[in-house]
Structures are given as C-alpha cells and as structure tokens.
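Asker: One letter stands for each residue in the lines below.
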Amino acid sequence: MVDISREKLLDMLEKMYTIRYFEQKADELFGRGKIHGTMHLSVGQEATAVGSIAPLRPNDYIASTHRGHGHCIAKGADVRRMMAEFLGKETGYCRGRGGSMHIADVEAGNLGATGVVGGGIPTAVGAALASKLAGDDKVTICFFGDGAANLGIFHEGLNLAAIWQLPVVFVCENNQYGMSMPVQKSMPVKDVAERAASYAMPGVVVDGNDVLQVYEAVSEAVQRAREGKGPSLIECKTYRWKGHSKSDQERYRTREEVEAWKKKDPIARFQKWLLEKGIATEEEIEAISARARQIIEDAVAFAETSPEPSPDTIMEGVYAE
Amino acid sequence: MREITYAEAIREALRQEMQRDPRVFLMGEDIGVYGGAFGVTLGLLEEFGSERVRDTPISEGVIAGAAAGAALAGMRPVAEIMFMDFTTLAMEQIVNQAAKTRFMFGGKAQVPMVLRTPAGSGTGAAAQHSQSLEAWFVHAPGLKVVMPSTPYDAKGLLISSIRDNNPVIFVEHKLLYRTTGPVPEEPYTIPLGVADVKREGVDITIIATSIMVTRALAAAETLAKEGIEVEVVDPRTLKPYDDETVNRSVKKTGRVLIVHEAYKTNGFGAEIAARITEGETFFHLVAPVKRLAGLDIPIPYNRTLERHAVPQEEDIVRAARELMAYK
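Protein chains in written order, with the numbering used here: chain A, 173 to 493; chain B, 608 to 934.
Derived by calculation from the structure, the hints in this document are not laboratory data.
It should be emphasised that the depicted structure is a prediction, and the values quoted were computed from it without experimental measurement.
Among the clues, some could well be false.
Stated by the list, open to error - Anything over 10 Å on all C-beta distances counts as not near chain B; from chain A, calculated:
(1) 248
(2) 422
(3) 457
(4) 478
What the hints assert, rightly or not - Derived contacts from chain B toward chain A, CB cut-off under 8 Å, selection only:
(5) 632
(6) 657
(7) 677
(8) 680
(9) 681
(10) 710
(11) 715
(12) 915
(13) 919
C-beta: ideal position from N, C-alpha, C; glycine also.
Chain A with its partners taken away, still in its complex shape:
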C-alpha cells in the first residue's frame, strides 16, 4: 500500500483528468482552426507526468519536453495561462512567443519545455548543479522520451550528473516510438534503464501507466537525490494514443496496437484502484472529472477573450536588461 494521503491521491486523479481534458480540448480547438502550428499530445501518458511530479515539493524543478502539457499541469501550472499560450495570446505563459512547445514558469520551478529532443537534459543537469552549489536541497526532474536516449547529450548529461552526484532524477517516458521509429529498432538494448549501469546510477523500469508505480519509483529517486546520493534513471513504459504531432498519418503502427494500449488507460486503472480500496466513491470521482472539465472550459473562455500580442512588442524579451 502506497503511503499517500487520500487528499493527495484525489488531487493526482484530478490532475490526470485535467491533462486528458486539456489535450482533448486542444485537439478539438486545432481541428476548428483556432490553434496554428502543431502540438504533441500526451493522451495516454498522464500517469508518468503526475506520478513523477507528485513526490516533488513546490519549489523543486522540472525540465520538460515537446510533449510537455502533462508536466506543466502536474507541476501546478495555471491552465488558463497554458490555454492562452496555445492560442498565442498575450496572457499566455510566454506571451504567445512560445506556444505549445515552450511553456515555462521558472519561478514556479518549471524550467520550461524544449522542442529539441534531448535539449532539456543539460538544462536539468545545470539546475541540479545550481542547487548543489547553492546548498539548497531542491531536486530536479528531467523528462525526456525514448528518442532522446539515443542522443549524445543524453550520455553527456547522465555522466556529468553521476560524476558530480547531482540531485536530478531522469525520467524517461518511453512511449515506444521516436516519431515513427520503434524502440526495438532504435536501441540494441531492451530498456533505456539498462544504460544507467554505465553511469553507476540506479536504473528502474516501471509500468508507466500505473501512476502509483511511477510515484513510488520516483519518490525513492527523489529521496536519494535530496540526501545527496546522486541521480537515478526511471524508465516509464507507456504509450501515446495520438500521433507524434498533428501531421502524423500513423503508418508505422496498427489500430489493434493502439486499441490494446487504450485498454491500459492509466486514468481508468487508477480510478479502479481508488474504488476498490474504498478511497473514493463513484460520485466523488465523477465530481473530480466534472471539476477538471470545468477548469478546461474556463481556460478556453479566458484564452479566447484574451488579447493578441501587439506587433509593437515583438522585439521584447530577446535580451535581459
């Protein structure tokens, strides 16, 4: 039995629902032409974001990825400002300059998302280094996908974090594909976590669709990091229900495969557990789901009525004073 308060468990469920509804709404708005560019949805991966971030304290850091909406919401981002960023509005987290791929809130510990695969790994290592040098006990969670694990910068980052024993937890969200490239073809090893051995850090594989398993593994890693025992690598096996991005025709996988993974829905699974353990009733769960829906509706209303950024401000923010 995991040691999490009932209040926290229900908050985790609400965050998972908020992520699901946020992305479904974003998908819908895109379909209606309200959002331009592209987006990378993490529907189906809600457990990895929520289970990883739940063990953190509010002032701990995360470094996110191009598939990062879940991380932002799990870190406590204001969904209204996220939706406004999606719609490119001045009230968005990045004043409409970043869009879906670059939501950041550094003061709240969200060091931001990067659109370059693996690009955020050194950022997280650097933030963890800053914590070590400052002598605070903050921990940084570094999210990346299976694709990033084949980049040089992954190895440089893990190596540096290991030799310096930095307080960082590397969370690999292995959703089985680097765009269309399946992990079986892109790596000679079965698990990304095996690579932790090269850096003498714990490498743990968990069921990424089980929020409690993710929570437990990351909690232990966070604890280690906070005690100065260095980094860990947690690999969460999960799956994205949607394509890589909006242009994906999904020629590389079968409908049967997607359907099989949908049966492992992390939200349904968590709910079932909450009911079985008598932690929540059906009515309570429905209320949580309804509240999450309402949060998203409010966010859309806020975003749609927010002003566009003025071209007069286009040069702002390139340089700091």
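Fit chain B to the known structure of chain A by using the hints.
Answerer: Relative to the frame of chain A, chain B by itself:
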C-alpha cells in the same frame, strides 16, 4: 600602471568576480589543476576549491547546456570551451537553448552565463584548432558576442560579461594571451556595445577585431611614415555593435578598411560593410569599403601557408595604400 598579460587580466577578472559574487563559478575541461589549456585559470582551483572551479569531462554539449541550466536556476556560470572549433559540439545548447530561452519563455527567464573560448590561428594547430567562428554566434539573436584585443579590454569586458544577464560568448585570441598592457588592479567594467578608438587618424578608418587590432596598429605606424594617418576602431563587442563610433570615424576619414581573421564569406566584416553603406555614412565615402579577412579555407598546418591564410600586418599596409589611391 602595472602591466600584465591578457591571460592574467582574464584570470584577474574571474578571480575578482568570484570573490564578489558567490553565484559565479567556473566549469570546463582541464581548468583546475592543469590551469586551462592556455594557463588562464592557473591558481583558481587552489583559491576557490573544486566546487567553484569544476573540471569537466570532455563533453562540450553538456558544459554549455549545464551552464545555461545553472544560469536559469540563479547561478552565474563561466564555462570554458577549450578551442572555439569545439563549440560545434555545443552548438545546439548555445543556439537553441541558451540564446532562445528568454524570448521563447516570454521574457520571463534569464540566462546569465559566459562562455569563454580561445579562437584564432598562428599556433600551428591546423584546421580543427584554429578557427574564428564569431560570426556564427552574432547570427543568433539572444547571444552577446565579445572579442577583446588588449589586456585592459579583456578584464573590463569580462567583468561586464559576467555581470550581464544574458548569455555572452567571450572570444579570446590564443596569440594575445601573452601580450601585455596596462591594467588597473581594482575591478572595473567596460560596457558591452561600446567601441574603442585605439588610434586617431584622418585618412582611413580601419575597423579591426581581436588580434587584427594589434596588426592594424602596427601597420598604422608604417603608414604614418608615409604620411597616411590611420584611425583604428575596435568594436570590442560584435553584438551589441556600436554603429555610432564607427560611423563617426567613417564620416571623418571617408575610407574604410575592415580587417578580421575569420573567413571572409559571410564574415562579420560583411555586416560592418553593409551597416556603413546602408545609411547616410554612405555619402561620406570617397572609396569602396574594403574587406581584408581570412581566406575561405581550413587553416593549414605549414607555417607559411598558415600565415597566408589570415591577414598580416603587410597585407593591411598594402590594402591601406590601395584605398589612398581614391581621392
């Protein structure tokens, strides 16, 4: 005033900023016991310890990226990339992460880091240890690019760079490390974006960067004997760039020679030339703007070939004489 070397001036700036601000720390390959490939950081490990003078593995990407991450999280790192050629290995982190972070996050984050790196040829180190790649970085919005030519400038500009809230690429020249000049002992700053007139003159404006300032000043002495008075302007920072000082000089002389070591094609000289000719300064010109730059070749090993690959003092003298033919 006492005279110290360019390398010592850089070291003194690092030491004084580390003493002043506990958030300043150093990281890079062989900067600790070894003292840096060019001896710049000698003694700093003993003074500040291995937490603040951090030897890294040979991992340029994560050196640059972790510096950016630490800066984002409130520190003020000074990272060293041993040769400017090796910034290629860190390009993603410098250009896509460090440079863009502030803007793409809506102006609400800052990355106060300095990336020091030695550039330039003349050491016989051949094609992969001799380049001057500053133009690449000037091309990335969000970065500042600094190129000091004297010990005095090196110290003052480095202190400003460390205190600046943006990512700064600080380009040092290997052949300048042992040159000496007067440098005040106390900390001082030179604002980024202010050019320096290194020599006054009325006939030709030579705009030179880094070691080319030294060569231009030497050429100016030869030319003075022929009655040609050269004004040497050193931009000192390529970004931000001081148009005003340059234009003032060009309006006075009407003749412009731009000298840099980096490849000519798409080099920073092209930008300087364009800036001079696209404004009202154009009407003060009595001769075409002339560029003297590195050849578009990898730097060769052979001493004679290496010398020919980049502008030398005699090339500057010759080019200046040619410009004087225009009346």
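Asker: State for each hint whether it applies.
Answerer: Verification of the hints:
1. Every Cβ of chain B is farther than 10 Å from the Cβ of residue 248 (chain A); the closest lies at roughly 16 Å, confirming the non-interface assignment.
2. Look at residue 422 (chain A): its CB is around 28 Å from the nearest CB on chain B, clear of 10 Å, so calling it non-interface holds up.
3. Once the 10 Å rule is applied to beta carbons, residue 457 (chain A) is consistent with being away from chain B; the minimum gap is 36 Å.
4. Listed as outside the interface, residue 478 (chain A) is consistent with that label: its C-beta sits roughly 13 Å from the nearest C-beta of chain B, beyond the 10 Å cut-off.
5. Contact between residue 632 (chain B) and chain A, as hinted, is supported at the beta carbon level, the nearest pair being about 6 Å apart and thus within 8 Å.
6. Restraint check, residue 657 (chain B) versus chain A: the minimum CB separation of about 10 Å is more than 8 Å; hint violated.
7. Interface restraint check for residue 677 (chain B): the shortest CB-CB distance to chain A comes to about 4 Å, inside 8 Å, so the restraint holds.
8. Interface hint status for residue 680 (chain B): upheld, as the beta-carbon distance to the closest one in chain A is roughly 4 Å, under 8 Å.
9. Evaluation of the residue 681 (chain B) hint against chain A yields a held restraint, the C-beta minimum of about 6 Å falling below 8 Å.
10. The beta carbon of residue 710 (chain B) comes within 5 Å of a beta carbon in chain A, closer than 8 Å, and the hint placing it at the interface holds.
11. Checking residue 715 (chain B) against chain A by beta carbon gives a least distance of about 7 Å; that is within 8 Å, so the hint holds.
12. The beta carbon of residue 915 (chain B) comes no nearer than 36 Å to any beta carbon in chain A, farther than 8 Å, and the hint placing it at the interface is violated.
13. The beta carbon of residue 919 (chain B) is not positioned within 8 Å of any beta carbon in chain A (closest approach about 36 Å), and the interface hint is therefore violated.
Going down the numbered hints, you'll see the structure goes against 6, 12, 13, while the others check out.
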